[in-house]
Structure formats: structure tokens, C-alpha cells
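Q: For the sequence shown, the positions run 40 to 425 when the working numbering is used.
Note that these hints are calculated values from the structure, not bench results.
Here the structure is a predicted model, which means the values were calculated and not measured.
For glycine and all other residues, C-beta sits at the position ideal for the given N, C-alpha and C.
Relax, there's no trap hidden among the hints.
Simulated DEER-style distance windows between Cβ atoms:
no., residue 1, residue 2, range
1, Pro-113, Gln-82, 35 to 45 Å
2, Asp-222, Val-371, 33 to 43 Å
3, Asp-222, Gly-242, 21 to 31 Å
4, Asp-275, Asp-222, 28 to 38 Å
5, Pro-258, Arg-145, 35 to 45 Å
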Amino acid sequence: MLVDVTVEMHARRTRTALMIAAVALSTGTLLSAVGISTVAARQVDADLAASTLDLISVVAASGVQASADDPLFPAEASARVAAVDLVDAAGQRLDPGEVTTVAVTRAERGQPVAGVSVAGLTSGYLDAVRAPHRAAWMLDGTEPVALLGVDAAQALDVPATLDPTGFTIRVNGEPFQIAGFLDDGSDATLSDVVAIPYRLAVGMAESDVTATMMVRTAPGAGTVVADVVRLAVRPDAPHDLASSQVVDVSSLRTGVSTQLDRLAAWVGALLLALTVLLIGNAMVVSVMSRTSEIGLRRAIGASRSRVAAMFWTEGALSGAVGGVTGSALAAVSVVVVAAVNGWTASLSPVGVLLGPAVGLAAGVVSSLYPALRAAAVEPAQAVRAD
Numbered sequence: 040m041l042v043d044v045t046v047e048m049h050a051r052r053t054r055t056a057l058m059i060a061a062v063a064l065s066t067g068t069l070l071s072a073v074g075i076s077t078v079a080a081r082q083v084d085a086d087l088a089a090s091t092l093d094l095i096s097v098v099a100a101s102g103v104q105a106s107a108d109d110p111l112f113p114a115e116a117s118a119r120v121a122a123v124d125l126v127d128a129a130g131q132r133l134d135p136g137e138v139t140t141v142a143v144t145r146a147e148r149g150q151p152v153a154g155v156s157v158a159g160l161t162s163g164y165l166d167a168v169r170a171p172h173r174a175a176w177m178l179d180g181t182e183p184v185a186l187l188g189v190d191a192a193q194a195l196d197v198p199a200t201l202d203p204t205g206f207t208i209r210v211n212g213e214p215f216q217i218a219g220f221l222d223d224g225s226d227a228t229l230s231d232v233v234a235i236p237y238r239l240a241v242g243m244a245e246s247d248v249t250a251t252m253m254v255r256t257a258p259g260a261g262t263v264v265a266d267v268v269r270l271a272v273r274p275d276a277p278h279d280l281a282s283s284q285v286v287d288v289s290s291l292r293t294g295v296s297t298q299l300d301r302l303a304a305w306v307g308a309l310l311l312a313l314t315v316l317l318i319g320n321a322m323v324v325s326v327m328s329r330t331s332e333i334g335l336r337r338a339i340g341a342s343r344s345r346v347a348a349m350f351w352t353e354g355a356l357s358g359a360v361g362g363v364t365g366s367a368l369a370a371v372s373v374v375v376v377a378a379v380n381g382w383t384a385s386l387s388p389v390g391v392l393l394g395p396a397v398g399l400a401a402g403v404v405s406s407l408y409p410a411l412r413a414a415a416v417e418p419a420q421a422v423r424a425d
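Given these sequences and hints, build the entire structure.
A: Shown next as C-alpha cells:
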């Protein structure tokens, strides 16, 4: 029987090639869609874990008071938090302009420059917002130095050079030596900032009650750290602090993966269903064109089951070959798409082996009706029809 089927498929090469191509495209599309969605879901999961859950802000709780003599954040606050497991960096920021007037000028008796704000930072703050600077250590002292954001430097007419030696600005009339220029990092507000030592800013504001501590954690550890950071900063009064509620997006990450998988499965299943219909239609036409041959086979002793088995075998063979081809196409597609988007390609052995099985199933299902129709042909009627 297999020889007869092979001879028949070879004799009708164009139809056979089209059937195999249809199965290959449908199974390839199904497996490619599932594979690409899996890779994309993993990339989304990694991006969410890396960027959404790693930054925590700590501020004063509502109604809390503080002063320069009794600060909200102890001097060793950043070091305490940095020592917590899963914390990568921590530091404070205080904007004295929120509670008092702070004028920034270029010359001693110049007019205050608009669009520029003063912020007291610690070196840990720049690390926390991913804007490290080689001169950041100066912000932990009390020397009158400043780091300028890009927009602030432009507004103050200070050229952004590699060696800012000799450039000075004045904050409330006091001279500050420019020590360098800031990158924005993950804090876009740094572009128009004049960053000065944190302790000098506390002195200007006469309190650190409006200060904010930024804490950067290991990817995905934000929720855990947010629960303990207040105790690390103020073990004597953790209730005086409020930490940002980092949204736990684990359910969102699972949902993204699930929805992408469902979308891919539905698209692939629809294409597979259309392929089954196309193959079934092609085989029905084949049965009609081979009516006389079927009648002759029946007349010389072929049983109905043998005739049906011939068409089932033809459908199964076409489906299996198409499935193997589709698996190869899917593997190449996943690798190419991942490479183009800079993702990490991931191929599931189960998915690759599933291609031939899906193709075989599609071939058998699509040939079911044509096989039954061929088996129902009566020899005498076939001869008369011919």
C-alpha cells in the first residue's frame, strides 16, 4: 500500500507539493507564533523585573516634624540601608527650594537664573538613580562644590567640559566650585539641577523633613525591601517614615505570558483549521478525479477499508512531511526574530518535536472524509460514471 501511495503522490507532484507546503506553513506558523510569544514573554518578564521593581522612595510620614538638630534621616542612614540584603545603592535628596528661597547666579551680583533648581544629594543617591559620577564623593562632605545637570549648565552659561576647573556659580551669594556635570540616569529631573552636598542643603532648609531617600534593589526585590527599609533607617521610630508601595507585578508578568501564548495558539489553530479544510477539499477533488481507478481497484478485489487506508496514508504522509518542514521553518523564524530584536532565543525540544505530530494529525483529519467517500464508491457506478 505504501508503494502505491508513494507512486500516486509522485505522479501528482504539484498537488502533493502544495499539500505539504500548506501543512508546513500552518504548523510552522503555529509553532513560530508560540515560540516567539514565549521568547517575547520572557523578555517582558525580565524587563519588568529589572526596571519596575528595583526603586523605592522613603519619605517622612504625614505629620512628622524634623529639624537640623533632630534630623529625619540619621547621618548613617544610607550606610544602614546599603547594608540590607538585596540593596544595591541608597542615598538622599533634599530640595531646599521647596521650603525656602534659593537663588542661583553666575556672577556675584547677577540676576537669579530661572529654570534651575538646587538639590542636596549624597553620592549614594546618584548610584541609586543610575547616574554615577567620579566626583560624587564630594557630595558627602561640606565643601562648596556643585555638579550641574545638562540643562542647568546651559542656563548658567557654563560650558560642559571635561575639566571644569575655574568655573564657579553662586548659591544665595555663596561661591560654589563646579566639580563636574551630571547624566540624567533614571531621574529626568537631574537635567536642570545644581547638585550640592546634602548637608549644606539641610542647613539651607533648616530641616530634612522634605528629603527623599532613593533605594535601588536587586531586580525583583523591591517588594521585600520596601517592608524593611524603614526599620533600617530609623530602628527607633520606623513609623516616622513612609516607603513607597512598590507594585508587585508578578501577576501581571504571568498574565502577559499567558495572554501572548493564548493569542499565538488561537492564530496558529485558525491557520491549522484552514489548512485542514484546504487539504480536505484537495483530496475530495482527487477522489472525484480517480473514481474510475477506485472502481477498478474495487472490481479486482480491493476492500473498502483498503481504499480508505490509501487516502488516509496519503494524508498522513503529506501531513508528517509538512510538519517536519514546518518545525524547521519555526526554529529558523524564532532564532531570526530573537536576533533582530536583541532577545535571547529559546527553542523548546517539545515544540520542535510537536511539529511532525501536529502535521500528521492535520493530514489524517483532513483525509478522513475523502477516504470515507472513496471507500463508498461502487465498482459498477464508477465504470458507468467513467
